[in-house]
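S.K.: Sequence:
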Amino acid sequence: MKFSKNNPLVSVIIPTKNNIRTIQRCLQSVKDQSYINIELIVVDNHSTDGTLEIATKFTDKVYTKGPERSAQRNFGASKAKGKYLLIHDSDIYFHRKTVEECVKLCEKQQADAVIIPEKSIGEGYWAKVKSLERDLYAGNDYIEAPRFFSTNIYKGIGGYNETLTGPEDWDLMIRIRENSFKILRAKNIIFHDEGVVKIFGSSIKKRYYIKSFDEYKKMHPTWYKKQVNIFVRYPANRMMHFFIRYPIKTVSMIIMKGIEYLSTKIK
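Counted from 1, the sequence shown has number 104 at position 104 by my numbering; the numbering is strictly sequential.
FYI, nobody ran anything at the bench for these hints, they're computed from the structure.
Mixed in with the good hints there might be a few duds.
Have a look at the derived ranges for each label pair, beta carbon to beta carbon [stated by the list, open to error]:
id, residue 1, residue 2, range
1, Lys79, Lys198, 27 to 37 Å
2, Lys97, Glu39, 17 to 27 Å
3, Lys31, Ser263, 33 to 43 Å
Here are the simulated lysine-lysine pairs, DSBU-like style, with alpha carbons at most 35 Å apart [what the hints assert, rightly or not]:
id, residue 1, residue 2
4, Lys218, Lys119
5, Lys249, Lys265
6, Lys226, Lys108
7, Lys218, Lys249
8, Lys119, Lys226
9, Lys187, Lys57
10, Lys65, Lys225
11, Lys79, Lys217
12, Lys155, Lys218
13, Lys65, Lys79
14, Lys198, Lys97
15, Lys79, Lys206
16, Lys217, Lys249
17, Lys226, Lys187
What you are looking at is a predicted structure, and each value in this text was computed from that prediction instead of being measured.
Where is the CB? At the ideal position from N, CA and C, for every residue including glycine.
From just these sequences and the hints, can you work out the full model?
M.R.: Here's what the structure looks like:
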C-alpha cells in the first residue's frame, strides 16, 4: 500500500483537560506521522492551564466538551469525517508509524479495531514500577483494549459508554468482541507519560473510579472476574521471570497494587 492523500482519512481524536505538560508533544507526534491523510480533532474539557491555546496551534478542529472523557471521545467521533478513528489521551506519544500500521491492518487484514501496545514512562522510582506492571500484562487480551477503530463499527455499537469512567475501554472492547468483530494488534509501541508517579496517587484514582467499576461488574460479570484475577492479569510464568530479573521492583509493584485494592475497600 502506498500512502498518499488518496488513502482513507483517519480522524485522530484527543480528549484533554489541563494537560499542558504533555499536550504539545502528543499533538506533535500526531503531526509527525508517516501517514499523510489525517484529521486531528481535540476535545477539551474546559482547561484553564493553557492546554486549549496550544491545541489551536496544531488544528482548527478544537472543541469544548465535558463532563468526562467518554463524552469527549464520542463528541469527537461525531465531528470526525474519517473512515477510521484513532482515539487516545493527551499524555500519549505516538510512534511515527502508528497510524500507517493500523490502517494496513484494517485495509489488508480486515481488522475492525486495533490494539496498540503501550509503554509507561515517567519520573521517579514508582514510574519504573508502573512501567514494569504494564509490561507484565502486555499482550493480555483481557486487559488491553483497542484504540483504533473502523468508524462504522465504532458508531454502530454506540461508541464509549458515557456512564463509565475507568472501565469504559474494557466495556467497548467487550462489545466489539461479543459482536464478532475482528481485533488485531499493532507492533509499534506508543508511550504513556505518567509524569511523577506516587505510590498513593493511583489509589486516589482507583477510588474515583470505584462507582463505575461497580456498574461495570454488573454489566460484564464474567469478564470482570477474569480481569481482576491476579493470575489472569499477571501470568505466573511471567511474574516469576520478572521477579528473578527485577525482585525489588516486582515486590514494590505487589505493594502498590495491594494499596490500590485496599483503598477501594475503605468507605
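S.K.: Now tell me, hint by hint, if it's right for this structure.
M.R.: Results for each hint:
1. Lys79 with Lys198: 27 to 37 Å: holds, 36 Å
2. Lys97 with Glu39: 17 to 27 Å: Cβ of Lys97 to Cβ of Glu39: about 18 Å, so the range 17 to 27 Å holds.
3. Lys31 with Ser263: 33 to 43 Å: With Cβ atoms ~39 Å apart, the hint holds.
4. Lys218 with Lys119: The hint holds at about 30 Å.
5. Lys249 with Lys265: Cα-Cα ~25 Å, so holds.
6. Lys226 with Lys108: With a Cα-Cα distance of about 32 Å, the restraint between Lys226 and Lys108 holds, given a limit of 35 Å.
7. Lys218 with Lys249: At roughly 34 Å apart (the allowed maximum being 35 Å), Lys249 and Lys218 satisfy the hint.
8. Lys119 with Lys226: holds, 23 Å
9. Lys187 with Lys57: holds, 30 Å
10. Lys65 with Lys225: Status holds; Cα separation ~34 Å.
11. Lys79 with Lys217: Roughly 31 Å between the alpha carbons, so the hint for Lys79 and Lys217 holds.
12. Lys155 with Lys218: holds, 24 Å
13. Lys65 with Lys79: With Cα atoms ~12 Å apart, Lys65 and Lys79 stay inside 35 Å; holds.
14. Lys198 with Lys97: holds, 32 Å
15. Lys79 with Lys206: At roughly 31 Å apart (the allowed maximum being 35 Å), Lys206 and Lys79 satisfy the hint.
16. Lys217 with Lys249: At roughly 30 Å apart (the allowed maximum being 35 Å), Lys249 and Lys217 satisfy the hint.
17. Lys226 with Lys187: holds, 25 Å
Hint compliance for this structure: no hint is broken.
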